[in-house]
Amino acid sequence: MTLTKKDVRKFLSEYKIVALLIVIAIIWGFFGYLTYDSDLGGSQFLTPRNFSNLLRQMAITGMLASAMVFVIVAGEIDLSVGSLLGLLGGIAAVLDVTYAWPLWATVALVIVMGVFFGLMVGWLTAYLGIPSFIVTLGGQLAFRGMVLGLTGGITIAPVHQDLKFIGQGYLPELLGNAGGVLLFLVLVFLAFRTRVNRQKHNLVVPTMPAEVGRLLFAGVIILGFVLTLNEYQGVPVPVLVLLIILGVFTVIGNKTTFGRHIYAVGSNMEATRLSGVNVAYVKMMVFALMGLMCAFAGLTTTARLAAGTPSAGFGNELDAIASCFIGGTSMRGGVGSVSGALVGAVIMASLDNGMSMLGIDTFWQQITKGIILVAAVYMDIVSSGNQRN
Amino acid sequence: MSDYLLEMHDITKDFNGVKAIDGIHLQVRRGECVGLCGENGAGKSTLMKVLSAVYPYGTWSGEILWEGKELKARNIRETEEAGIVIIHQELMMVPHLTVAENIFLGTEPRTSAGFIDYDRMNAEAERLMARLKMSDINVAVPVYNYSGGKQQLVEIAKALNKNAKLLILDEPTSALTTAETRTLLNLVKEFKANGMACVYISHKLDEVAEIADTVTVIRDGTHIGTLPMAELDTNKIITMMVGREMKNLFPREAHTIGDVVFEAKDISCWDVTNRERKVVDSVSFEIRKGEILGLAGLVGAGRTELACKLFGCWRGDHEGKVFLEGKQINVREPRDAVKLGICMVPEDRKRHGIIPLMGVGYNITMSVLRRYTSGGFIQSEAELAEIQNQIIRMKVKTAEPLLPIASLSGGNQQKAVVAKMLLPEPKVLILDEPTRGIDVGAKYEIYKLIFELAKQGVAVLMISSEMPEVLGISDRVLVMGEGKLRGNFVNEGLTQEKVLAAAIGQSITEAA
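Respectively, the protein sequence lines represent chains S and Y.
In this note's numbering, each number is its position in the first sequence, counted from 1, plus 337.
In this note's numbering, each number is its position in the second sequence, counted from 1, plus 66.
If you are wondering where the hints come from, they were derived from the structure by calculation, not from laboratory data.
Any given hint might turn out to be false.
Under the rule of at most 30 Å between Cα atoms (straight-line distance), these lysine-lysine pairs were calculated in the DSBU-like manner [as the list claims (entries may be wrong)]:
id	chain 1	residue 1	chain 2	residue 2
1	S	K353	Y	K85
2	Y	K344	Y	K302
3	Y	K255	Y	K564
4	Y	K85	S	K537
5	Y	K79	S	K353
6	Y	K393	Y	K331
7	S	K592	Y	K514
8	Y	K463	S	K353
9	Y	K416	S	K353
10	S	K537	Y	K564
A few chain Y residues that don't get close to chain S, going by computed Cβ distances all over 12 Å [said to hold, decoys possible]:
id	residue
11	G97
12	M114
13	G180
14	E237
15	T247
16	E276
17	D332
18	T339
19	G382
20	D383
21	T431
22	K486
23	L566
What you are looking at is a predicted structure, and each value in this text was computed from that prediction instead of being measured.
C-beta atoms are modelled at their ideal positions from N, C-alpha and C, and glycine is treated no differently.
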């Protein structure tokens with residue numbers, strides 16, 4: 338009895354991502370079964386079209402969650418991202434609709450402003466020592482106020498076609514396939530390089546069959562992903578952007594001094610400072626990165642709706658934070674991964690999408706998501722309980 | 067039938083197949099004090115966690131008999147009810163609660179209406195403190211007002227209040243002053259006379275020799291021996307602990323002392339919370355290339371504060387000039403110090419030394435990570451190679467270079483922290499209590515390293531509360547007391563008495 342419990346724990350803590358993927362499979366299977374309709378020739382949830390929709394829905398939350406992971410790992414929190422997304426999306430809409438700026442100028446200015454606001458939040462937190470909870474709670478109100486002022490409380494539409502492409506465009510089939518193949522080759526290359534390097538320095542490496550199995554599994558997922566999306570209209574642009582962010586951020590987290598310092602600051606800030614690391618700068622730059630992602634998410638939101646609305650991004654910060662925690666980020670800082678957070682975002686989006694499709698009332702959707710969040714974190718505590726002793 | 071209060075037989079505990087302790091025996095009679103000795107990582111803490119049911123019955127094998135009956139406790143509450151109370155190395159006080167509230171935490175006396183009965187609680191607390199001969203403590207004042215030593219005694223009062231029959235003291239004197247240690251040892255003797263049993267875990271073997279009746283030594287998780295203290299002396303205990311004869315505790319090596327490399331002038335620091343209180347008072351000193359400068363003093367003398375100021379991490383107000391190789395320098399943050407070649411190994415390893423969730427290797431390279439990057443990316447090849455080098459050089463015992471550092475023993479953690487502060491190739495190395503709470507073997511390694519560094523021309527400033535260590539290592543000894551520099555002695559024919567007298571302020575400075 339204790340043995341099996343221990344085994345489950347060990348499995349969960351070592352293969353967190355696998356466990357989460359199983360959860361996704363269960364959720365999809367569940368909704369797939371419930372939306373089965375023989376008249377329409379099959380399940381309505383498990384169609385390429387819905388898969389494409391689902392991914393586009395999660396792209397915005399995913400962008401925010403990618404940077405939110407670093408914020409939480411660094412031991413901070415950012416409650417202002419939903420409002421900042423709204424503000425930056427609103428700015429994009431005004432520039433595009435009212436002033437008819439060219440796309441590149443709109444995008445550039447929105448990105449600059451996103452980074453600027455992020456730096457400001459980071460500076461207040463890291464250099465002036467105001468807790469990030471307070472700074473960003475204030476930011477949430479202030480940024481939302483700015484959106485309302487900027488838009489005058491009305492929807493700004495319609496945006497130009499080229500801006501719309503950012504949120505609604507699709508990648509041509511050929512490009513999608515090529516991207517998939519390239520991604521797989523890069524993964525294989527990296528896996529074997531890491532393997533050789535680790536072996537050289539007495540580090541544990543997975544057995545060869547396990548490694549090959551892992552890569553094959555990844556290959557199947559990539560293949561299925563690209564083929565399914567191509568069956569509909571191709572890989573959506575926001576999803577592509579999100580995948581690039583995933584790659585870049587994973588590299589930042591694992592392969593750069595900045596990334597290493599983020600994890601160190603979250604694990605023990607004083608010890609990191611006494612090691613000669615500029616901890617205030619690290620924290621400020623984490624918020625700058627968060628601001629940058631708000632800009633991406635803001636542009637995507639405006640493009641997707643083809644309009645700037647005063648309520649854009651409302652409550653998105655909570656979805657992003659929940660995605661991080663579902664994906665195994667630790668409340669105490671120091672632990673978390675971008676890929677985990679994105680899997681968390683897929684879980685959240687699947688619940689949204691599936692329940693909407695079943696016509697479940699919004700209030701039930703919220704209750705369910707709340708329960709899932711708490712349950713997921715409890716699972717995480719159970720699975721890490723083994724390691725803490 | 068047995069006259070033992072506690073018998074632990076054949077205790078084995080493994081973590082995922084790795085045996086932390088293997089077949090350990092421990093027996094304690096009423097009114098007896100058993101000294102439990104072993105190097106860090108030998109399994110002392112694991113054994114005590116088994117006894118106090120931090121590891122509940124069933125997660126280990128073997129048998130515990132308590133007052134002749136088998137004890138199958140599932141949590142600490144049950145062992146405490148039985149009368150087994152542990153006082154941990156780290157104090158478990160809630161700083162903002164009063165002394166009395168801390169003593170009665172969880173067992174608060176209530177009035178009939180259900181509120182806390184403060185009158186009864188304070189009176190009872192005062193009675194307990196009087197028993198500990200600490201009547202001068204105000205039990206209605208938050209506990210943070212008192213020094214670590216007094217807090218330790220409050221901790222003991224808490225144990226007495228729980229009607230402990232067996233008191234386990236885990237490194238109780240590691241943060242105490244000499245006087246406080248004295249009080250504690252006398253108390254333990256008095257408890258013994260009253261029939262209380264005690265397990266005393268300490269690296270300070272002279273304390274063990276003084277109060278233990280029996281000594282049990284464990285090494286690498288196995289039982290080495292249990293002998294009456296009458297048949298032992300500290301040297302024999304050390305031999306049992308390390309498994310080899312330790313002839314010379316301090317491996318002195320000749321090294322040449324060069325020119326003045328670092329100079330501090332009129333350094334003063336003020337307390338962080340109480341901004342009027344000076345904790346360091348116009349201290350000036352210099353240190354030469356290749357010199358080992360000991361900094362002695364009692365706890366609270368301002369030594370750590372001075373070190374913090376020099377390393378750029380003192381949070382309170384401070385003033386004074388610092389010169390490195392003749393040039394005045396301005397150190398505002400630890401990173402400035404590291405860049406200039408001043409490194410510090412902090413006193414509190416857990417809070418200031420290690421980054422617990424990270425691998426040993428990543429902890430080591432934290433100070434110089436940029437050295438292994440190109441274009442902003444970490445070159446894992448180069449980094450891992452350096453990690454390997456350091457682990458071998460410092461003899462860090464770890465199963466894998468990237469194992470989380472928190473899972474290593476204290477001595478190995480300390481070696482990694484020292485490695486981290488050596489990588490920037492410091493000209494001046496400040497070591498604040500570098501051997502606190504680590505075992506004899508690791509101590510020896512660190513002493514050897516200090517001499518090696520001095521030979522290479524590094525100026526070493528070593529803060530230590532262990533007098534034999536200061537006298538055994540230093541070329542010169544500074545003594546601080548109440549924030550002031552009270553002595554500056556060349557370490558020739560210097561005695562503990564002389565240093566202590568200076569620390570307490572009995573004799574006036576005698577220039578070197």
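Hints, verified against the model:
no. : hint               : result
1   : S/K353 with Y/K85  : holds, 27 Å
2   : Y/K344 with Y/K302 : violated, 45 Å
3   : Y/K255 with Y/K564 : holds, 29 Å
4   : Y/K85 with S/K537  : holds, 28 Å
5   : Y/K79 with S/K353  : holds, 28 Å
6   : Y/K393 with Y/K331 : holds, 13 Å
7   : S/K592 with Y/K514 : violated, 35 Å
8   : Y/K463 with S/K353 : holds, 29 Å
9   : Y/K416 with S/K353 : holds, 28 Å
10  : S/K537 with Y/K564 : violated, 54 Å
11  : G97                : holds, 34 Å
12  : M114               : holds, 14 Å
13  : G180               : holds, 32 Å
14  : E237               : holds, 20 Å
15  : T247               : holds, 28 Å
16  : E276               : holds, 34 Å
17  : D332               : holds, 25 Å
18  : T339               : holds, 16 Å
19  : G382               : holds, 15 Å
20  : D383               : holds, 17 Å
21  : T431               : violated, 9 Å
22  : K486               : violated, 6 Å
23  : L566               : holds, 30 Å
Hints 2, 7, 10, 21, 22 from the earlier list are contradicted by this structure; the remaining hints agree with it.
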